[in-house]
Amino acid sequence: MLILRQFISRFRDSLLLVFYILLSSAMMLSSDSVIVEGLRSSSLLSIGFIQGTLSEIDSYFALRKTNRELFLENTKLAYQNFQMQDALLENLRLHKLLQFTDHSEYHFVPAKIIGFSPLDFITGYLLKFNQADSVKKNTAVITPDGLVGKIIKVSSRYAICQNILDANSRVSVRVQRSRELGILTWDGSKGLLLENISNTIDIQKGDVLFTSGMSRTYPPNIKAGIVIAVHKNEDALFQTIYVKPVVNFNKLEELVIIQPGKKNEI
Amino acid sequence: MKSETKYLVFILIVFGGGSIILQSLIAPLMQIHIWKPDFVLIIVLLIGKRFRSGWGSTAGFILGIIQDSLTGMPVGITALPKAIAGYASGKTTSMHPQGTLYYVWFIFLILLHEMITYAFFQYKTDLTYTFLLYSRVFPNTIYTMLMLFIVHTFTRKYFDE
Numbered sequence: 001m002l003i004l005r006q007f008i009s010r011f012r013d014s015l016l017l018v019f020y021i022l023l024s025s026a027m028m029l030s031s032d033s034v035i036v037e038g039l040r041s042s043s044l045l046s047i048g049f050i051q052g053t054l055s056e057i058d059s060y061f062a063l064r065k066t067n068r069e070l071f072l073e074n075t076k077l078a079y080q081n082f083q084m085q086d087a088l089l090e091n092l093r094l095h096k097l098l099q100f101t102d103h104s105e106y107h108f109v110p111a112k113i114i115g116f117s118p119l120d121f122i123t124g125y126l127l128k129f130n131q132a133d134s135v136k137k138n139t140a141v142i143t144p145d146g147l148v149g150k151i152i153k154v155s156s157r158y159a160i161c162q163n164i165l166d167a168n169s170r171v172s173v174r175v176q177r178s179r180e181l182g183i184l185t186w187d188g189s190k191g192l193l194l195e196n197i198s199n200t201i202d203i204q205k206g207d208v209l210f211t212s213g214m215s216r217t218y219p220p221n222i223k224a225g226i227v228i229a230v231h232k233n234e235d236a237l238f239q240t241i242y243v244k245p246v247v248n249f250n251k252l253e254e255l256v257i258i259q260p261g262k263k264n265e266i
Numbered sequence: 267m268k269s270e271t272k273y274l275v276f277i278l279i280v281f282g283g284g285s286i287i288l289q290s291l292i293a294p295l296m297q298i299h300i301w302k303p304d305f306v307l308i309i310v311l312l313i314g315k316r317f318r319s320g321w322g323s324t325a326g327f328i329l330g331i332i333q334d335s336l337t338g339m340p341v342g343i344t345a346l347p348k349a350i351a352g353y354a355s356g357k358t359t360s361m362h363p364q365g366t367l368y369y370v371w372f373i374f375l376i377l378l379h380e381m382i383t384y385a386f387f388q389y390k391t392d393l394t395y396t397f398l399l400y401s402r403v404f405p406n407t408i409y410t411m412l413m414l415f416i417v418h419t420f421t422r423k424y425f426d427e
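Residue numbers (the numbering used here), protein chains in the order written: chain A, 1 to 266; chain B, 267 to 427.
Capping the alpha-carbon separation at 25 Å, the derived lysine-lysine pairs in DSS-like fashion look like this:
| # | chain 1 | residue 1 | chain 2 | residue 2 |
| --- | --- | --- | --- | --- |
| 1 | B | Lys357 | B | Lys268 |
| 2 | A | Lys205 | A | Lys223 |
| 3 | B | Lys390 | A | Lys136 |
| 4 | A | Lys190 | A | Lys223 |
| 5 | A | Lys112 | A | Lys128 |
| 6 | A | Lys244 | A | Lys205 |
| 7 | A | Lys190 | B | Lys390 |
| 8 | B | Lys390 | A | Lys137 |
| 9 | B | Lys423 | B | Lys357 |
| 10 | A | Lys244 | B | Lys390 |
| 11 | A | Lys136 | A | Lys112 |
| 12 | A | Lys251 | A | Lys112 |
No lab work stands behind these hints: they were computed from the structure.
Computed from a predicted structure; not experimentally measured.
Hey, can you work out the whole structure from these sequences and the hints?
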């Protein structure tokens with residue numbers, strides 16, 4: 001017993017390190033367990049609260065600039081609205097004529113970015129929204145420009161959004177011109193790759209990609225990227241297609257989370 | 267509670283918690299291409315330097331767990347290398363390196379931390395480890411080292427004995 005005590009006392013720091021290594025490994029292997037999920041939720045709540053408060057202070061000082069920008073945006077949208085009223089009426093008449101029904105059943109939840117992922121190799125955001133528990137995991141996040149990513153963790157009024165530039169992100173997309181299906185992944189830098197497109201398919205620079213609706217996470221027809229370069233590899237089965245995201249990830253402030261199941265109230 | 271332990275708790279809350287907030291709010295603004303400094307690692311190394319290996323590994327583990335909890339990655343993926351870095355930083359102090367030699371050790375520890383982190387990370391992506399080494403590990407090491415030098419200059423009175 002004395003020898004054991006002496007051993008522990010002598011190698012206390014090293015034993016502590018071994019304990020932490022084992023504990024970290026166990027946590028990595030049981031990432032979806034209740035304890036780990038609880039840990040995630042409480043960290044997200046507390047850090048989200050602090051960052052939300054800090055971000056509100058920052059927003060207060062930026063109010064004048066935001067107001068000016070919103071006024072300009074509002075005027076521009078009002079002008080576009082006048083022009084679109086005619087098109088809407090025509091659209092309604094044609095819908096009626098062709099007996100189309102509206103299948104859009106989504107609820108849009110506005111959210112604000114209050115922080116970024118604290119890990120350098122994870123690309124994502126910490127979001128805050130007004131209604132607690134109004135957002136579900138694995139739902140799409142968009143801006144007026146297009147697809148941003150998906151929600152991977154929710155805790156009350158805070159959520160973690162993984163954007164499409166994350167190494168773990170995979171988005172099923174369709175090429176608008178050819179209707180070809182592919183998978184959008186991160187290219188290892190600041191762009192995207194369109195994968196699983198065979199060498200025989202005609203893909204051109206400038207082709208626009210939309211979500212295909214094949215997955216339960218992303219609703220169809222959300223703009224995701226534009227093809228910027230195509231390389232056909234004679235030795236490989238698939239082409240290497242470089243895609244530029246349509247969203248400028250450096251300028252994001254407000255996002256919209258798409259929740260399925262409810263009628264759009266906007 | 268001993269005064270040294272009280273001081274550690276103070277450092278953990280103020281500098282540890284602050285580094286996580288800083289990493290989440292300020293580090294993205296300091297991003298060059300895809301490289302960002304790791305402020306949490308900097309604080310872990312400085313805590314290890316000031317409070318020795320036991321507390322260094324504890325600080326690394328706790329801060330790493332909090333950092334992991336705020337991402338979609340498995341919890342523990344950075345807690346493990348940070349615990350090792352904190353422990354190694356404490357052990358380095360017991361060898362009493364002086365001046366520049368201290369910073370040389372820190373470069374080695376940051377590099378070790380990044381190499382372990384990306385060794386885990388490569389399993390979550392299709393990228394090769396060699397690509398990650400030159401595109402992420404080496405630039406991040408240099409950037410974090412520069413930031414460590416700056417942070418240490420301004421916080422010397424809190425972390426030097």
